[in-house]
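Fit chain B to the given chain A structure using the hints.
Heads up: the protein sequence lines correspond to chains A and B, in order.
Quick note: the first sequence, position 58, residue 58 per this note's numbering, numbers continuous.
Quick note: the second sequence, position 75, residue 75 per this note's numbering, numbers continuous.
Some hints here could point you the wrong way.
[Claimed, not checked] Distance condition first, Cα-Cα at most 25 Å in a straight line; then the derived BS3-like pairs of lysine-lysine: (1) A:K155 / A:K223; (2) B:K124 / B:K187; (3) A:K2 / B:K123; (4) A:K179 / A:K155; (5) A:K2 / B:K115; (6) B:K115 / A:K15; (7) B:K67 / B:K3; (8) A:K2 / B:K124; (9) A:K313 / A:K15; (10) B:K71 / A:K397; (11) A:K111 / A:K152; (12) B:K190 / B:K3; (13) A:K111 / A:K155; (14) A:K397 / A:K2; (15) A:K223 / A:K111; (16) A:K325 / B:K115; (17) B:K187 / B:K176; (18) A:K2 / B:K120; (19) B:K71 / A:K325; (20) A:K255 / A:K98; (21) B:K190 / B:K176; (22) B:K120 / B:K187; (23) A:K397 / A:K325; (24) A:K15 / A:K2; (25) A:K252 / A:K223; (26) B:K67 / A:K325; (27) A:K223 / A:K152.
Source of the hints: derived by calculation from the structure; they are not laboratory data.
Computed from a predicted model, the values in this text were never measured in an experiment.
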Amino acid sequence: MKTRDILQETLSALKSNKIRTGLTMLGIVIGIASVIAMTAIGQGAQNSISSSIESMGANLIIVMPGAQRTFGGGPTASRGGAQSLTLEDAEAIESQVKNISAVVREVSSQKQVVAPGTNTNTSITGTESSYAVVKNIEMAEGTFITDQQVSKTSKVAVLGSTTRDDLFGEGATDIVGEKIRISGTEYTVVGVAEEKGGSGMTNSDDIIYIPYTTAQRYLSGNKYLSRIEISASSSEVSTVVQEDVTALLLAKHNKTSEDADFNTLNQSDILETASDVAGTFTTLLAAIAAISLLVGGIGIMNMMLTTVTERTKEIGLRKAIGAKKRDINLQFLTEATLLTFMGGVIGVILGWVISFAVDYFGITETAVSLSSILLAFGVSAFIGIVFGYYPAQRASKLNPIEALRYE
Amino acid sequence: MIKINDVTKTYFSGNEPFQALKGISFTISAGEFVAIMGPSGSGKSTLMHIIGALDTATSGAYFLDGKDVSKLSDDELADIRKNNIGFVFQSFNLLPRTTVLRNVELPLVYCGVPKEQREKIAKKALQQAGLDESHYNHLSNELSGGQIQRVAIARALVNNPSIILADEPTGNLDTKTGDIVLATFQKLNKEYGRTVVLITHEQDVAEHADRILFIRDGLLIENPKHQKRIASF
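With the rest of the complex left out, here is chain A (with noise of 0.2 Å):
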């Protein structure tokens, strides 16, 4: 039996049933959308946390007050929390340790900003000129926090592009001048950032930065600061850099590794954390979709062992008139497997077309891997294999005379 024929015999079969052959594909179809659109948010969530964990500059090690603590509970502790770190702790490490180009003080806190006919709640950073370079940030317009304002405690600001959007409107140019109010006191807008990217709760564009000196006097009225920025020279002493830091901090605020009141970060180690983080997530979203793969699988076999059953006659006719155990096999497994492709096929676009969706209306940041279609392809035509095989060999081996007889 020729290929070609095998196909059209198999086309006309699917043909002959839609509605079942429609229904049944969906399994299929749901089942592999579901595998690639899960798949693109967890494999976006996993690019959007290395690009805002990137953003937040290069070799960076972060200085925070507080216990030491993990990874996710480190930086809720140090909002506002444990006061330790001083202006005198920052000009130490710029002044004893070494392999370092720069330190960036930083004040944090959240508040409420208004601007002329509308407000938003915004997180305020306090911080000095060297955060520019450390954090990559490009200017839209005006200038980012000079040494000079820092100096003489200027109320200058310098907003996050969202939260530009939010004040002045989507977009919106010529802010430079405009004066806003934090906690009532009058600003002069001096700059907007350029767009870094990130998105939901890392979102880097909300917000408002003002000199450290600033944030200080207005807003949290003391000495201390959220939080010390570290630039190592390279990657390779960032450890080193760590560890130095470390040393001279426990030894200015005579503590030991134990009751430290202080916690370290590096950069590489907060990258590695997130992306295990979001590696696990993508996985678990992989396995629920596989899940509904394998039902549509299942719904696969139990309509080719109903079809062969209702076909019993047919299947006869077909060996009176000289089909061998193979042609038939051959032709439920092509019924089974074409089931699948089609499916298969459909999947990938719905999955395609939801990730996009996802990712148009803002929802989450996704990303279509070519593997994970080639895979979606590979597995669907695996199980209509896999799910086609038992059906095929109850009808290939159908006794003709009995399947002939067969009411």
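Coordinates of chain B only, in the frame set by chain A:
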């Protein structure tokens, strides 16, 4: 053409082995129109299955075109059915929702004949079976019983078999349509020289054949009335 020599068939279902054929011998030559007649339970269906290479005998020999068919494997039997035998069934067994042409072409598909050639051969077979050309592209479920059986006859002809084996071909048809179908077999036999073996339990139907083999309780029996009829030929 067909040489059956002391064929027996025993079924081993249930506790007691059941002997459906108890030693049958006969020959059918090329170009004959033979009816195998007997009441239900006589073993005529079993005999038909053996002649049609759907089943093998328990003992005895069966030669088809000089070839011993009695001890072949399943796949070898399938080849015999494909090349040497054309079946016509009581219940027609056409593929539903499939065109007349496609139904007739089906045996050629398993022979690996290319599509263009298949259509030509199928049309010729349909002409011989006496089906009007206007029906060729109709779906099989749009035809009447008589037309369906003629499509089935065309399907049996299409692979140019040594014998056409018709199992109660008129069983599901009314007398008038049945007569037309039987006339078709006679025409195929007389005009185109086809060897036709007709299995039936009805005397009227069997009498359309040139020779009748009576079977009862697994054995061929003499029928005086039948002998007389042969003699008068």
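Against the structure, the hints:
no., hint, verdict
1, A:K155 / A:K223, "17 Å, holds"
2, B:K124 / B:K187, "15 Å, holds"
3, A:K2 / B:K123, "21 Å, holds"
4, A:K179 / A:K155, "10 Å, holds"
5, A:K2 / B:K115, "10 Å, holds"
6, B:K115 / A:K15, "21 Å, holds"
7, B:K67 / B:K3, "10 Å, holds"
8, A:K2 / B:K124, "23 Å, holds"
9, A:K313 / A:K15, "19 Å, holds"
10, B:K71 / A:K397, "19 Å, holds"
11, A:K111 / A:K152, "22 Å, holds"
12, B:K190 / B:K3, "22 Å, holds"
13, A:K111 / A:K155, "15 Å, holds"
14, A:K397 / A:K2, "21 Å, holds"
15, A:K223 / A:K111, "19 Å, holds"
16, A:K325 / B:K115, "23 Å, holds"
17, B:K187 / B:K176, "17 Å, holds"
18, A:K2 / B:K120, "18 Å, holds"
19, B:K71 / A:K325, "18 Å, holds"
20, A:K255 / A:K98, "22 Å, holds"
21, B:K190 / B:K176, "21 Å, holds"
22, B:K120 / B:K187, "21 Å, holds"
23, A:K397 / A:K325, "7 Å, holds"
24, A:K15 / A:K2, "20 Å, holds"
25, A:K252 / A:K223, "16 Å, holds"
26, B:K67 / A:K325, "22 Å, holds"
27, A:K223 / A:K152, "16 Å, holds"
Hint compliance for this structure: no hint is broken.
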